[in-house]
Amino acid sequence: MSYQGKKNIPKITSERLLIKGGRIVNDDQSFYADIYMEDGVIKQIGDNLIVPGGVKTIEANGKMVIPGGIDIHTHLQMPFRGTTTADDFTQGTKAALAGGTTMIVDHVIPEPGCSLLEAFDRWSKWADEKACCDYSLHVDITHWNDSVKQEVETLIKEKGVNSFQVYMAFKDLYQMSNTELYEVFTFLGEHGGIAQVHAENGEIIAEEQARMLEMGITGPEGHVLSRPEELEAEAVFRAVTIASQTNCPLYVTRVMSKSAADIISQARKKGNVVFGEPITASLGTDGTHYWSKNWAKAASFVTSPPLSPDPTTPDYLNTLLASGDLSVVGSAHCTFSVAQKAIGKDDFTQIPEGVNGAEERMSIIWDKAVVTGKMDENMFVAVTSTNAAKILNLYPRKGRIAVGSDSDLVIWDTDAVRTITAKTHHSAAEYNVFEGMELRGAPMLVVCQGKIVLEDGNLHATSGTGRFIPCSPFPDFAYKRVKARKQLAILKAVPRGMYDGPVSEFSPMSRGGTPSASTRTSPTKVPVRNLHQSGFTLSGPEEAPIRPAGRRIVVPPGGRSNITSLS
Amino acid sequence: MSGTGYQGKKNIPHLTSERLLIKGGRVVNDDQSLYADVYVEDGIIKQVGENLIVPGGVKVIEANGCMVIPGGIDVNTCLHKPYLGTPPVDDFYQGTKAALAGGTTMIIDHVTPQPGDGLLEAFEKWQEAADKKSCCDYSLHVDIPHWHEGVKEELEQLVQEKGINSFQVYMAYKGLYQMPDSQLYEAFSFLKELGAVVLVHAENGDLIAQEQSKILGMGIIGPEGHPLSRPEELEAEAVFRAITIGNRVNCPVYITKVMSKSAAETVAIARKKGSVVFGEPITASLATDGSHYWSKNWAKAAPYVTSPPLNPDPTTPEHLHSLLACGDLQVVGSGHCAYSTSQKAIGKDNFTLIPEGTNGVEERMGFVWDKAVAMGKMDDYFFVAVTSTNAAKIFNLYPRKGRIAVGSDADIVIWDPDKIKTITAKSQQSALEYNIFEGMDCRGGPLHVVSQGRVVFEEGKLQVQQGTGRFISRKPFPDFAYQRIKYRNKIMNMQGVSRGMYDGPVYDVPATPKYITPAPSAKTSPTTHQPPPIRNLHQSNFSLSGSQIDDNIPRRSGHRIVAPPGGRSNITSLG
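Top line first, the protein sequences correspond to chains A and B.
Every number in this note's numbering is 23 more than the matching position in the first sequence, counting from 1.
Every number in this note's numbering is 58 more than the matching position in the second sequence, counting from 1.
Hints were generated in silico from the structure; no laboratory data involved.
A portion of the hints provided could be inaccurate.
To be verified - Here are the simulated DSS-like cross-link-like pairs (lysine-lysine), alpha carbons at most 30 Å apart as the crow flies:
#1 A/K397 to B/K331
#2 B/K479 to B/K519
#3 B/K330 to A/K292
#4 B/K190 to B/K117
#5 A/K316 to B/K548
#6 A/K509 to B/K272
#7 A/K180 to B/K272
Only chain B is shown next, with the shape it has when bound in the complex (with noise of 0.2 Å):
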């Protein structure tokens, strides 16, 4: 691994000569942990161990026993999505702000093109507002907003020039992102070929569309109309509808936003299956709950509206937390995306309207640790794998970041699991003058950040320059959604049975059939290639009944038969 030649923007001058040495520290990976010191210098990891030999005039950060950890990876955050013209009120210098003040040291966050616009235009403004702005390393994800021809050349220049490698499609938001059920197997199909990591916006658009008009019939127009038009069984229906198309096309499945237990149930369930699909909550859904839709109070109801919404059952976050520490969900995003109280308040009058996203990208390793690591349902390995190590594999990230090692980026945090924070607006990095979190209180938080080599985070002060962040480009066909899908390919080649050719009598069709199976008989069928049909006698196999002389099957080859870990006797079930 080298640590030059990232293929980032101009070289950044003033963190390059940034030497720095953590001592005392417990090293914490998602696989081992181990007490070393760890060297840094020009933004990278030279050395790990005990008793390093660095040169003189170090700057020298004392540990003190606490966890070192990988910095954070967010992968789900809005930035720079703007609603009805008005951008969000945390832009990339806020957004990355808060992050690092969390321990994040790395966003990903979502390009949306408005309808009209080329995904490649956008990426590029969301490109240049971000190296404006962004205070660490950044790297981008690409919606496409609706499916057509033109859409697939820019996606390919998109994965083998720009760097990006994952691209969600919304099964929501009808008449505006929402693709069919046709649309999305051939997004599948062709993000597949191209080894990209599709990203599933979750929720059954049509049902939603046909809800809200009811609720808004019925005189619902505060923000409980929006749980209520959006009840997690459209979730899960989505998620299930999503996982399906991701198996037959043979495409790893990412769903962002997993909001309520039945989506991430179906999850779980897909996993035990064999189905290669990642599930990612976020710290919302992590850390509270949609009670709050039914606030008095319309300015504290409205901040929690986001898609899919909150679940109403209070149960729920304990629930997200015992299989993210299972295993069976496996990043944990924010889906962090401010909108300001007069923001929301477009949708004063119709919940529809209200834009969607809640805060989390400061908060989201904290609850993590609070709600999984201090209660004892997931240790430090996995605490490092969900919130920073599994990101950086599914977006082929890894090693560079997500692990503490020579050659990685030096993207490092210093965790402390007993600091305790209450979390309110008044103390927030974030723009917002709200917190959907107001007055929980919090524990675990880090102690210093360095960000690229750099000390960002210090004794509860932030040291940050907006433009540092670096673009990170991503290669296509990560290893960790991709290998289990070219072994399934290679096993994965149908094969027709060969048949001597039907010599029967035939029904004689009427010219213009009524009753016309449709689209794939357009299509001219690859028989014709085969020779004309001479009978030949030897090789009929028709006879009407009795004993035939086929009784013992041939049973098919070539066909996926695969028995995943945990079992499943339905031969077909990958198929």
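Only chain A is shown next, with the shape it has when bound in the complex (with noise of 0.2 Å):
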């Protein structure tokens, strides 16, 4: 396989690993092989393989032998303010190899007004220096004009990336309004990108925002209590309806509460393309610690949109996830140290947002979903891996075992249990939202690349193997569907006999009409007057309406009698 990465990196050609006796879990079907791995990529998968000698072998003793996590929303690196956040691409990939994740994808954040294309290449420069496993990029998009769109299209069609992040919250800065909201999904949807959206109602957490500060609460809780719910579903809604129209696949980032989750999932019953990730801080804890004496532990859970303060949250999250209403598991692992977050010590809004995750990300889905018996082992390898590599097009390169998959896999230890604390967690934070949770499931080994990372809970990363992993655009998973519907979509006007029936007269300079609009060109010519074709009659006898025809009618599955509900 000839991928398209960068400059070929030797020292891992000539790794020659097998696996013995252990039980193949894909997201589809489980078997028992062993596994061989050249150069990389896995070459043979069966029973009894022929391997050359003196080849590293590894005694699965029967346990599961899972494709390799893939963490599809991360911010390592990630400057603010003029500093950047603890956990840099050593740290954080370190971090994810230890919890099973072999690849990351990274949010490039340009700042509002500079080029997409700039901070593409800065933060490659920076993952390529540092990262020790495979990874990919989204671009945000902080504003949209004409120039933006030329580099996305570039991004798209050069770049190798796939999949651009829009914000609907943090007014005055990232916000995008509905119109733009309206031109970007277009533009994406034609280019074969998908639409991943931060959904918060800005406009309302500012007005919020001011009321909290107004009244005096300047500490964590005021962040969550200025960003409720409420507002996510809102923008949730509003995005899927902008998405809906526009026929473009929407990709929520950070799903943090039930009304949310709700929202994405009657969605999906209604036939809409989207994807919803849950992160592992709302599938593994909530957002009562706002409410903590101790002003250090209450900001390090600062995340927006924030933890819900509903107890029962996770427990909701792990249900929808394992029922396939929610995709896939981000981390959003985006740590900040305790001096950091204090620069918002006296006004929450100051607060820099992120929390911890990409560690304990696939164990507190085995322990939150699996361990209870929600999902099942194959929907925790769809959701931990495979459905991201769907999403990005990497599949079946990523996110599978199978001949030709890049040799990215993980034994996966069913019945280890460790505590989560920060004294021993690989991430540079002081802190840890998850601290003093026992966890079940965790890897064994772990193989990045076809190289032993970790073994024997002893970890062995080097900065700067990690390769960028190009998405090409169009990922069958997002757009079989949004294809089909194109086509059915084509909107026709009736033809019908000019009007030639009196026309009262108006004042065009009282304001009154339909506006915007109404400033366009009608398309029709000269109205003659064409006596034979008049369809005018003022009551009486008439036709039966014809039936709009050629309208998008799609009958999703889960059916819906609205003939409109797809258009």
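Two chains, two frames, some hints: make the complex.
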């Protein structure tokens, strides 16, 4: 396989590895087989493989062998007010590998007004230098104009980026208006990109923040009080509506509340192409900690949308994840030191936002969903790895154990129990939002690019070995349906005779008409009166109204009698 | 309840001497029915009961066991709203005539100030027009075309001096009436303080503008472009957003013109979560659908143009009736706004210029009976509730209006459930040359209509006089909408957590940071009122990790936790 990755990395090419006696678990099936890997690629799968002598052999002893996790949402080495997040690409990918994740997808955040391409180059340079595992990049669209449009096109066609995030919150900074969202979604829909959206109503948040501060609430509890889950649900609903109008696949990052998750599952039942991403924190903990008397502890939970104070939220989100209503789990790993968080010690709106979760991601899901009987192992693989690979168009290179796939895999120990604590985690942050939690399920051995990087609890990761993995546009997982709908969605005008009845006099100067659109020149030519064709009658008998022809009528699974719901 | 001293206009002498006895009817209110006679004097119901002792020479109407119900209240009419300088063909005279002929004895019209006009100025124009022409009692909603500081004073005056308690805001009509979310938030906050009901025209105007130019660009210029550019999703989205803002502000929200299933569902779900929200389907959305937009006859298609549009899904009316019958939607308006075919033809080459509005004031009660009561979806109490009582309650007219009781206004209808009528433009009261319900049969209709104690409709004939309608002023804080709001206000006080001062290291932010959290950060933080940060080692809670002092966290107090009927485990849904 010739992947268009960067310069070849010779030190891994000679690595040969045999995993014997494991139970291979993909998202669709599980079976016992041995795996032989060479040059970072899986070469053979089966029983009694014929392999060269002297190959390093690992005994899996019947344990699960799963595709390495893909953490589809990280913010490593993210610049913030002249500083950067506590975990750079080395620290962050080490934490990921320690948790069984062998690929990350980081968010490039260009400052508003700056070039997307430059930001992309900067990020890939940082990652090339430091990442210990393969990576890919999302690019956030923080402002919108024609030159951004061109850059997005270049990123899709030449740079291997197929997913772009827009913001409905962070008023006056990243936030986009409905009109801009419509244009971005339309553009991405045409070019095969995935529209990721940070869904919160920024207008109302700004009002609520001002109200909280006025009331004298300045601590971290003000963060969650000013961003109630309703505002998240509202924005998700709006994003789904716009995506449906523009026929663009939608990906909601950070699903943090029950009501936001409900909106996504309802939309999916109506046939919308929408993916929801809960994060480690929303699946593993809740927002009651914002009321902690310990400021530093409370501040470590500050992220947007906030963790929901409803303690039943994690359980609910795990259920929807297990049922397939939510599609992928990211970590949104974005860590700040206590000193950095303390920038906002007197004003919660200034607290830098982000929680840890790259290392705990897979264990949290195993503990909360698989052990509790909500989810089976195959679904576990789907939500931690395969679905992400499909959305990013990396499947089956990533997200599957198959001949020809990258040898990123994990031997998963279902019985391991570990206690999460900041003392032993691999992140540089002083806090861990999962502090003290006992989690069942952990990686026993992690193979990344065909090399063993975690064995017996020891991490052997090397900075700079991570390759950029380009993602191509129009992933089938999202676009098959979108393409089919596009062909049905052609609207047609009703062929009518010219209206030739009386037209009342009106004063064109007085405003009262529907605006904006009315200024467009109407496509009809000079209205020539054609008496034969006239369809004008005032009342009385008339032919039955014809039904709208050529309109998209899709009856999605789950059924829906409303014939316009998808148009 | 006293019948005198209404703050209406000049007294109307010709009706004060009217005395009327309605005998042998079944009086139906929204909560009960009983066989009783009703005696009316001076426009007020004086006695309800059997074997009433009444003065001699009183006019007697034999009800013969028919239903005697409170006159209908039509909460949504536009009888004076001009379009590009031309008035609608049904003015207050024509429109109220049509209302009375259909059993409606009170209307609430929308004052639509033209951009640049003041609210008060517009209100007075409307009131003058209605006082001159209206044949039945009326009240007014005032639409707020745009939000600015000056509006606040006018609103205050309208509520406190003019007797207006409901105002409409628009989420559609970009560049004209549309308000962004932050203005909606401010408008809701302000109106809530005044105790007014916020009416919302719920459609996403930004997206409509995009869709309109897309569709015009495709060469679709006929009326079918109207529903194509305003799909129901955009209606549902705006309803959801309006309710979200209403919840945040803790303000009652009233959705005018619920036209689609998904918008209605959104209202229904919100009510189950405890939101104070009301939904108003209109005659057109309850009785017909949007398939007519595709008619080959332009003049037939254009009359259906209204916003939000009628839904092309033909099962919509039935679904809306079901929600109306179970209480998820509360009031039926007509959205009556009549423009003649030649006025509609202003948009013959561009659907975005077609003046919007459908008829329905005359047919309103008939179709609710025909499609909900006669179909077994709804009982007659509920019929009274959705056509009259609920409107009176929401807009604080109850029990003066919306009920047959001693002391209430004598606005009474004797209803014949078996009367069958074929709707046609030829026999309607409206001045329109078309009727969007043309040819439909409708069971149920008024036999007699009594307005202000006078018989105005009898044996199919109207006897009305223009200018007899009085302006009915309405007080703020209607219980039906505001009682829950008041309780929630009390428990909604949020409190900060009292903590020791954070005294750990703080990252030094460069003087001119590029990343600034916007707007609110510009406000002075209230912490400035607190004592200067003296490091108090005893109070310090700072520790980096490990076991933490507060592992048994005190849950916040004083936060609103409401478990509404229907249950909801989410403790912040109303917070």
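Unsatisfied constraints (hint numbers, rising): none
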